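Here is how the chains run, residue by residue.
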Amino acid sequence: MVRTRTTARKAAVHATALAAASALALSACSGGGSAASSAEAAPVATDRDIELSLVWWGDDDRASRYEEAVTLFEEKYPNIDVSTQFQAWDDYWTTRTTEAAGQTLPDVFQMDLAYIHQYASNNQLLDLSSQVGVNLETGDYDETLLGSGAVNGGQFGVPTSTNTLGMFYHQDLLDELGVEPPAEGLTWDEYDAWIREVSEAGADHDPQIYGGGDYTGTLWLFIQWLLQQGKTAFAEDGTPAFEKADLVAWVERTQPLRDDGVFFPIERTKQVEPLTGMQVNESVTELTWDNMLAGYAAGAGTENLGLLPVPTGAEGSQQFWKPSMLLASSANTQEPDAAAALIDFLVNDPEVGKIFGTSKGVPAVPAQKDAMELEDGSIDQKIVTYEEEVADRVTADTPLPGEGYGVVEAEFKRLGEELAYGNVTAEEFADQWFQSAEANLGGQ
Amino acid sequence: MSATTTERGRQAGRGSARGKTTQSSPARGGAAKPPRSRAETRAGYAFLSPWLLGFGLLTAGPMLMSLYLAFTDYNLFRAPEFVGIDNFTALFADPRFLKSAQVTAIYVFVGVPVKLAAALAVALLLNAKHRGQGAYRSMFYAPSLIGASVSVAIVWRAMFIDDGVADRVQQFFGLPGGGWVGNPDMTMPMMILLAVWQFGAPMVIFLAGLKQIPAELHEAAAVDGAGPIRRFVSVTIPMLSPVLFFNLLLETIGAFQVFSSAFIISGGTGGPADSTLFYTFYLYIKGFTEFRMGYASAMAWVLVLVVGIITAILFRTSRAWVHYTGDVR
Numbered sequence: 000m001v002r003t004r005t006t007a008r009k010a011a012v013h014a015t016a017l018a019a020a021s022a023l024a025l026s027a028c029s030g031g032g033s034a035a036s037s038a039e040a041a042p043v044a045t046d047r048d049i050e051l052s053l054v055w056w057g058d059d060d061r062a063s064r065y066e067e068a069v070t071l072f073e074e075k076y077p078n079i080d081v082s083t084q085f086q087a088w089d090d091y092w093t094t095r096t097t098e099a100a101g102q103t104l105p106d107v108f109q110m111d112l113a114y115i116h117q118y119a120s121n122n123q124l125l126d127l128s129s130q131v132g133v134n135l136e137t138g139d140y141d142e143t144l145l146g147s148g149a150v151n152g153g154q155f156g157v158p159t160s161t162n163t164l165g166m167f168y169h170q171d172l173l174d175e176l177g178v179e180p181p182a183e184g185l186t187w188d189e190y191d192a193w194i195r196e197v198s199e200a201g202a203d204h205d206p207q208i209y210g211g212g213d214y215t216g217t218l219w220l221f222i223q224w225l226l227q228q229g230k231t232a233f234a235e236d237g238t239p240a241f242e243k244a245d246l247v248a249w250v251e252r253t254q255p256l257r258d259d260g261v262f263f264p265i266e267r268t269k270q271v272e273p274l275t276g277m278q279v280n281e282s283v284t285e286l287t288w289d290n291m292l293a294g295y296a297a298g299a300g301t302e303n304l305g306l307l308p309v310p311t312g313a314e315g316s317q318q319f320w321k322p323s324m325l326l327a328s329s330a331n332t333q334e335p336d337a338a339a340a341l342i343d344f345l346v347n348d349p350e351v352g353k354i355f356g357t358s359k360g361v362p363a364v365p366a367q368k369d370a371m372e373l374e375d376g377s378i379d380q381k382i383v384t385y386e387e388e389v390a391d392r393v394t395a396d397t398p399l400p401g402e403g404y405g406v407v408e409a410e411f412k413r414l415g416e417e418l419a420y421g422n423v424t425a426e427e428f429a430d431q432w433f434q435s436a437e438a439n440l441g442g443q
Numbered sequence: 000m001s002a003t004t005t006e007r008g009r010q011a012g013r014g015s016a017r018g019k020t021t022q023s024s025p026a027r028g029g030a031a032k033p034p035r036s037r038a039e040t041r042a043g044y045a046f047l048s049p050w051l052l053g054f055g056l057l058t059a060g061p062m063l064m065s066l067y068l069a070f071t072d073y074n075l076f077r078a079p080e081f082v083g084i085d086n087f088t089a090l091f092a093d094p095r096f097l098k099s100a101q102v103t104a105i106y107v108f109v110g111v112p113v114k115l116a117a118a119l120a121v122a123l124l125l126n127a128k129h130r131g132q133g134a135y136r137s138m139f140y141a142p143s144l145i146g147a148s149v150s151v152a153i154v155w156r157a158m159f160i161d162d163g164v165a166d167r168v169q170q171f172f173g174l175p176g177g178g179w180v181g182n183p184d185m186t187m188p189m190m191i192l193l194a195v196w197q198f199g200a201p202m203v204i205f206l207a208g209l210k211q212i213p214a215e216l217h218e219a220a221a222v223d224g225a226g227p228i229r230r231f232v233s234v235t236i237p238m239l240s241p242v243l244f245f246n247l248l249l250e251t252i253g254a255f256q257v258f259s260s261a262f263i264i265s266g267g268t269g270g271p272a273d274s275t276l277f278y279t280f281y282l283y284i285k286g287f288t289e290f291r292m293g294y295a296s297a298m299a300w301v302l303v304l305v306v307g308i309i310t311a312i313l314f315r316t317s318r319a320w321v322h323y324t325g326d327v328r
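Just so you know, the protein sequences line up as chains G and C, in that order. At position 118 of the first sequence (counting the first as 1) the number is 117 in numbering that gives the first Met the number 0, and the numbers step up by one without a gap. At position 113 of the second sequence (counting the first as 1) the number is 112 in numbering that gives the first Met the number 0, and the numbers step up by one without a gap.
These are calculated hints, taken from the structure and not from any lab test. Model, not experiment: these values are computed from the prediction. Careful, some of the hints might be misleading.
Stated by the list, open to error - Okay, the calculated bits of chain C under chain G, using three or more residues with CB under 8 Å as the criterion: (1) 75-83; (2) 129-139; (3) 209-222.
Claimed, not checked - Only pairs whose alpha carbons sit at most 27 Å apart, straight line, appear in this in silico DSSO-like list of lysine-lysine: (4) C/K128 <-> C/K210; (5) G/K412 <-> C/K98; (6) G/K243 <-> C/K98; (7) G/K75 <-> G/K368.
What the hints assert, rightly or not - A few chain G residues facing chain C, derived, Cβ under 10 Å: (8) D236; (9) P264; (10) G403.
Glycine included, C-beta positions come from ideal geometry on N, C-alpha and C.
Given these sequences and hints, build the entire structure.
Spelled out as structure tokens, the structure:
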């Protein structure tokens, strides 16, 4: 059989495949509730064999680091066997959702701020509070940082590391063009003017070099900008705490640069995906999370990248720590004690800190951070130095995303692309995003 | 098709002398059939059971469930909540839904005719007598074997980016350059080209159809003074119309379900600017990225309905233009 489409009946097959998943999910869902989570925490058993599953998102590099860490864990707990699995970000969440519906989430798995509310408020995650002090030590954590894993009074996740936003710049390209890097602490308007200057200098270059990409479609940057205006992003219930006019203002302020073709063009952006303009050596700056620096260096083929704070607004920098790579456990795990012990090992053990370096961000626990071996001029060192230097610019509380954030973030990015193609106006951008926010934020 | 083969198999199994006559009328002969024994019936169902189970549990059951879910608000986590026809009314107020319907409609109504024309043209070429015709047939069929694969979608993407094959060809002919992948106006032609390139399956069927046309019809027409074009229009097309109809149906239904190539080429976004946001793709996004299973189920049933209606229309119109050998009108 070369082609399997044989009859008209098959028209429905595609729909059926989806339905199959949901039907199975539905029947499993009636199980409901969480049995294991309420059990009393006891020190992890050593007199019997225990099997744990550990799942994360990431690439091969991260996988080999995790494997190394797991080997250490299994040496410490000879009776525990950890089976591992990893996926890319998008597939990761599809699989986890299906598992959640079937009550078969892994014993320990990576969790993101964008999803923790959804999983926790639907009783999918183990409340680790009772494990604290028994199998899980959280004494070395900064309180607000630990708070990022708390939902409705329970501790449903523990962050591994912190990120903060930063501005990367490509020193090699700047040398070629003979332009100075952006000044530290420049304002958004100054940054825009700087981008314009570089793009003009790089216009005759082959391939053309741009000062930076269109950052308007990144929700986190908008949130950062909002904080700098003295506003808040989200209300307690997860709904937007800002006005449509704020969003329109954000979108409109970069319009002249789009009109003049100063940003790294969207056509090119779509073609080099999943790489970015900077990673193909055609764009000089990019605003993103600081732990991405290693990936950018690998893409651009040079470690000669600089790291600066994000542009400032009326109220200063107002940068914030974003807790990242939380670890969570399934509400249905048979081994809550061992699961907590594994999380404890991954976030606290100094050796593990050494293995991961800053690849997941700067470790949240000082013992891990201090254990890192920082070579002079290495990417790890740049990130750690950056986070130390930027610390006094970090003055805002972390805007914690609620349920549905992942969806509205994707919508923001999509609208940013439509904007770059000139398909929507600033008003339409704001209208459509608020529509999506209404449908997805604040629970239903 | 399957009914005929099982009937044939059953008769052959009975070892009756009538087996020989079934060649001409395989599905007939019910009058003289001896009553089936219970045991035979049971054995029949036993042999069918893998398929029956699969059909019931993996096809019919889930389909019914999705019909129910289409009227609910369901996010996989919480139990479905009945919302009546809200999902359906929301669909038609959703600009991205309308966009996905538009994208798919263009793909089907432009892509399918172009693909069939290409398949027919190649079939006509391969129907002529040349040396090494067998080798050509295999070669022209090859793209269809691999066309739906992930790797081809990746290669396709690579061909249509800046400085890719397509860009160089354009530049060679002095046309404005630039990749197609990042240009929302050019992604649809790119997707249609990918579909057309996989003309193998309809081509093989056309080729079989062409072989069935009796040579004497062409000869008679030629004797009457008809040129090649006239013969094509007045002999080949009418004689080929059942095959054409069959291909049209299959390709139309298939085109509505396009998913994986768009998913790969757009990097899972349906972009740029939603220009490759095919219907099934948007359905996937709603169901598995936004976890709105009720909404996705509603979309699935709208698709089933639309495909059903279009199939019915095709069957209706076929009376006017499809000629079966032996039909008396």
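We went through each hint and held it up to the structure:
Counting residues of the segment 75-83 of chain C whose beta-carbon sits less than 8 Å from any beta-carbon of chain G gives 5, enough to reach three: the coverage restraint holds. Figure legend: the segment 129-139 of chain C, annotated as covered by chain G; annotation inconsistent (0 residues with Cβ-Cβ distances under 8 Å, at least 3 required). Coverage of the segment 209-222 of chain C by chain G is violated [criterion: at least 3 residues with CB-CB distance below 8 Å; count 0]. For the suggested pair C/K128 and C/K210, the alpha carbons sit about 12 Å apart, so the restraint of at most 27 Å is met.
Using a Cα cut-off of 27 Å, the hinted pair G/K412 and C/K98 holds, with the two alpha carbons roughly 18 Å apart. Using a Cα cut-off of 27 Å, the hinted pair G/K243 and C/K98 holds, with the two alpha carbons roughly 24 Å apart. Restraint check for G/K75 and G/K368: satisfied, since their Cα atoms lie roughly 21 Å apart, inside the 27 Å limit. Of the supplied interface hints, the one on G/D236 is violated, with its beta-carbon coming no nearer than about 17 Å to a beta-carbon of chain C, more than 10 Å.
The interface hint given for G/P264 holds, since its Cβ lies 8 Å from the closest Cβ of chain C, which is under the 10 Å cut-off. Interface restraint check: G/G403 against chain C, minimum CB-CB distance 9 Å, threshold 10 Å, status holds.
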